[in-house]
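Visitor: Spelled out, the chains give:
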Amino acid sequence: MRHIISVLMENEPGALSRVVGLFSQRNYNIESLTVAPTDDATLSRLTVTTIGNDRVVEQITKQLNKLVDVVKVVDLSEGEHIEREVMMIKLKASGQMRAEIKRTCDIFRGQIIDVTPTTYTVQLVGASDKLDAFISALGSASIMEVVRSGVCGVARGEKVLSL
Amino acid sequence: MVVRALRDEGVKYIYGYPGGSLLHVYDALFQQEDVQHVLVRHEQAATHMADAYARATGKAGVALVTSGPGATNAVTGIATAFTDSIPMVVITGQVMSHLIGEDAFQETDMLGISRPVVKHNFSVQRPEDIPSIVKKAFHIAESGRPGPVVIDLPKDMTTPTERYPYEYPKQVKMRSYTPITRGHSGQIKKATDLLLNAKRPVIYTGGGVILGHASDQLTELSRLLNFPVTNTLMGLGGFPGTDRQFIGMLGMHGSYEANMAMHHADLILAVGARFDDRVTNATDKFCPTAKIVHIDIDPASISKTVQADIPIVGPAKVVLDEMIQLVKGSKKQPDAEALKAWWQQIDEWRQRHGGRYRTDDSELMKPQQVIEMLSKVTNGDAFVTSDVGQHQMFAAQYYKFNKPNRWINSGGLGTMGFGLPAAMGVKMNFPDDDVVCVTGEGSIQMNIQELSTCSQYDLPVKILCLNNQSLGMVRQWQDMNYESRHSQSYMNSLPDFVKLVESYGHVGMKIEKYADLEGAMREAFAMKDRLVFMDVAVDPFEHVYPMQVPRGAMRDMWLSKTERT
Numbered sequence: 001m002r003h004i005i006s007v008l009m010e011n012e013p014g015a016l017s018r019v020v021g022l023f024s025q026r027n028y029n030i031e032s033l034t035v036a037p038t039d040d041a042t043l044s045r046l047t048v049t050t051i052g053n054d055r056v057v058e059q060i061t062k063q064l065n066k067l068v069d070v071v072k073v074v075d076l077s078e079g080e081h082i083e084r085e086v087m088m089i090k091l092k093a094s095g096q097m098r099a100e101i102k103r104t105c106d107i108f109r110g111q112i113i114d115v116t117p118t119t120y121t122v123q124l125v126g127a128s129d130k131l132d133a134f135i136s137a138l139g140s141a142s143i144m145e146v147v148r149s150g151v152c153g154v155a156r157g158e159k160v161l162s163l
Numbered sequence: 001m002v003v004r005a006l007r008d009e010g011v012k013y014i015y016g017y018p019g020g021s022l023l024h025v026y027d028a029l030f031q032q033e034d035v036q037h038v039l040v041r042h043e044q045a046a047t048h049m050a051d052a053y054a055r056a057t058g059k060a061g062v063a064l065v066t067s068g069p070g071a072t073n074a075v076t077g078i079a080t081a082f083t084d085s086i087p088m089v090v091i092t093g094q095v096m097s098h099l100i101g102e103d104a105f106q107e108t109d110m111l112g113i114s115r116p117v118v119k120h121n122f123s124v125q126r127p128e129d130i131p132s133i134v135k136k137a138f139h140i141a142e143s144g145r146p147g148p149v150v151i152d153l154p155k156d157m158t159t160p161t162e163r164y165p166y167e168y169p170k171q172v173k174m175r176s177y178t179p180i181t182r183g184h185s186g187q188i189k190k191a192t193d194l195l196l197n198a199k200r201p202v203i204y205t206g207g208g209v210i211l212g213h214a215s216d217q218l219t220e221l222s223r224l225l226n227f228p229v230t231n232t233l234m235g236l237g238g239f240p241g242t243d244r245q246f247i248g249m250l251g252m253h254g255s256y257e258a259n260m261a262m263h264h265a266d267l268i269l270a271v272g273a274r275f276d277d278r279v280t281n282a283t284d285k286f287c288p289t290a291k292i293v294h295i296d297i298d299p300a301s302i303s304k305t306v307q308a309d310i311p312i313v314g315p316a317k318v319v320l321d322e323m324i325q326l327v328k329g330s331k332k333q334p335d336a337e338a339l340k341a342w343w344q345q346i347d348e349w350r351q352r353h354g355g356r357y358r359t360d361d362s363e364l365m366k367p368q369q370v371i372e373m374l375s376k377v378t379n380g381d382a383f384v385t386s387d388v389g390q391h392q393m394f395a396a397q398y399y400k401f402n403k404p405n406r407w408i409n410s411g412g413l414g415t416m417g418f419g420l421p422a423a424m425g426v427k428m429n430f431p432d433d434d435v436v437c438v439t440g441e442g443s444i445q446m447n448i449q450e451l452s453t454c455s456q457y458d459l460p461v462k463i464l465c466l467n468n469q470s471l472g473m474v475r476q477w478q479d480m481n482y483e484s485r486h487s488q489s490y491m492n493s494l495p496d497f498v499k500l501v502e503s504y505g506h507v508g509m510k511i512e513k514y515a516d517l518e519g520a521m522r523e524a525f526a527m528k529d530r531l532v533f534m535d536v537a538v539d540p541f542e543h544v545y546p547m548q549v550p551r552g553a554m555r556d557m558w559l560s561k562t563e564r565t
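Chains as they are written, first to last, in the working numbering: chain R, 1 to 163; chain H, 1 to 565.
Bear in mind the hints are in silico, worked out from the structure with no lab data behind them. Treat the hints loosely; a few may be bogus.
[Claimed, not checked] As a list, the in silico DSS-like pairs of lysine-lysine whose alpha-carbon atoms are at most 30 Å apart: (1) H:K340 to H:K285; (2) H:K328 to H:K189; (3) H:K340 to R:K66; (4) R:K62 to H:K135; (5) H:K304 to R:K159; (6) R:K66 to H:K332; (7) H:K332 to H:K189; (8) H:K59 to R:K62; (9) R:K66 to H:K328.
Please read these numbers as outputs of a predicted model, since none were measured by experiment.
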């Protein structure tokens, strides 16, 4: 099963490599990874999506907690949560495809953020499966480049991951 | 600042080898007397000496090695300590900060190289951080589940002409690191109820009991309950080896009675043990009828390979103390009748194959006899270090350890070459005790250069070499699994060990007959101020038994070359 694990860790050099190293060392899988500082500049928030059975995911959270730089770990998939990913996709947009892409983009509530006579760059925000669906809906449109941010997520309601 | 911080931490000995990036530190060492430096002949030995000091005392050992090859030579020793959760602080020199990343002379990325085999590592980026980093390093190494910590120290952080304010912190507080100090009382209560209702219980304990200084508590609880106790390779000495309730080591080369008892148990109390593959055999067949209570300070060790029914995260000593109080205060008593029947069964297993071996199929001495003699001659009181292989298993099986912290071996990583430097590290700190390294002619040659260090620092350790002229454990597996094709497991160019040790100024003995063994051994141990190397010729065809059958259950064992359960 797919899990979204959020990690609050010290914003220090080497901290990220400890997390990434742990995953490769213990043969855990990383689907996506995002990391950035939080409102507190001494802390970074890292979100990793991984696939594994309950036992593997339990080990992942335990092993992450053991890292000295890691302050807190939560498996967001255990409760109600919201996930988002940003995608920027550059497409060939000429002839009749130009209008077709615009229509698909509107349906998915994407934004065209860069335009040239022959290309569109579309920005789309949503859960990962929505981004996947957009790519399949493009059908015969010619994709030049896809950039995805990786997943970040937050628990619904009052629950927070903080010190 | 580095040397001063070590002094303020109370460090007496550090083990190391100088080099370019550490010259400032070595100059500071030269100008003081509080911290004594021991010069080894290879950096791996420095880490093993520091490691063995930690195993014998529970306090972190310290090694100091230079950048590049000095640091990479230390990696095996760091990994050895990591796998066995041994507290250690290793300071590695590094090139000047401005050269890092430029492939400078003797530069390696030690933070990167060491990361998978350390509990934590630090890079010093500002000289004024040195005291707090050293303090944190010791705190992290020694608390919680212990482990090695590396401090990477660029040369310009130690420039002697620059001055910085120095204050050694009294304590450490880290928001991201708070080791657990007690177990969950509700879980402990539930576990104790299970213990009092058990009919076929086994207490299975590991290195956590030794590292957690919990052997008194373990002994008291086991006696209160009258339960059988088995130890892992790392846990030997946690419970007295000569006690009636001790049923031997368990696992791949565990005793028949320990493995049988585990398989048939209805309750297993695991304390500071991690259900290692060398213990459990196939996990899907492991202890099919047992409920499992697992006490460990590291939550990641619980339910990692075998699912625990009652997990208790906490220090062994504190949790066992709480259990003792609960058992004493409980109206319910252990089920005496069921335990009587259980002990009858265990004693019957013990009778059937209680560590027996043949002595009539060879003219040569049996390695088991040699270890039994060592146990007799030293009254089970010596510090015994070992290398890795058959001799290690024979020592674990036949030496009766009555005290904790006396059996010092590389259990998890299985590092050949560990034994001699380990013995040296212990001897240096326990000069009045007998310290013996049980080794083989293969392992001893992996760090034999340290005989020179022994001369320099007068370290009169005893070396007991079970010489079977082959890499015995490799050969055993080749006999059992590869139709005796002895690929590269034979050494036909062994040195004359007697002459070799004599050239370093030590005493050598060659012992070929069992009749001479006791006399020679007593003579060797009587030479209190000399290093004595006992080169004992043993039967090269002997195998270590019992040996679990691969992918079987705990009870599936070879008991000799011809008998199987």
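Visitor: For the pair supplied as a hint, K66 of chain R and K332 of chain H, is the alpha-carbon distance within the 30 Å limit?
Guide: violated (38 Å)
Visitor: With the threshold set at 30 Å, check whether the alpha-carbon distance from K59 of chain H to K62 of chain R stays at or below it.
Guide: Since the Cα atoms of K59 of chain H and K62 of chain R sit roughly 26 Å apart, the hinted pair holds (cutoff 30 Å).
Visitor: Does K66 of chain R sit within 30 Å of K340 of chain H, going by the straight-line distance between their CA atoms?
Guide: The hint is violated at about 43 Å.
Visitor: Please work out if K66 of chain R and K328 of chain H have their alpha carbons no farther apart than 30 Å.
Guide: This hinted pair is violated, its Cα atoms lying about 35 Å apart.
Visitor: Given the hint that K340 of chain H pairs with K285 of chain H, does the C-alpha gap stay at or below 30 Å?
Guide: holds (27 Å)
Visitor: Take the C-alpha atoms of K332 of chain H and K189 of chain H, compute the straight-line distance between them, and say whether it is at most 30 Å.
Guide: holds (13 Å)
Visitor: Is it true that the CA of K62 of chain R sits at most 30 Å from the CA of K135 of chain H?
Guide: holds (26 Å)
Visitor: Below or equal to 30 Å on CA atoms is what counts here, so check K328 of chain H against K189 of chain H.
Guide: Cα-Cα ~13 Å, so holds.
Visitor: Given the hinted pair K304 of chain H and K159 of chain R, is their Cα-Cα distance within 30 Å?
Guide: Holds - the C-alpha atoms of K159 of chain R and K304 of chain H are around 28 Å apart, at most 30 Å.
Comparing the model with each numbered hint stated earlier shows that hints 3, 6 and 9 do not hold.
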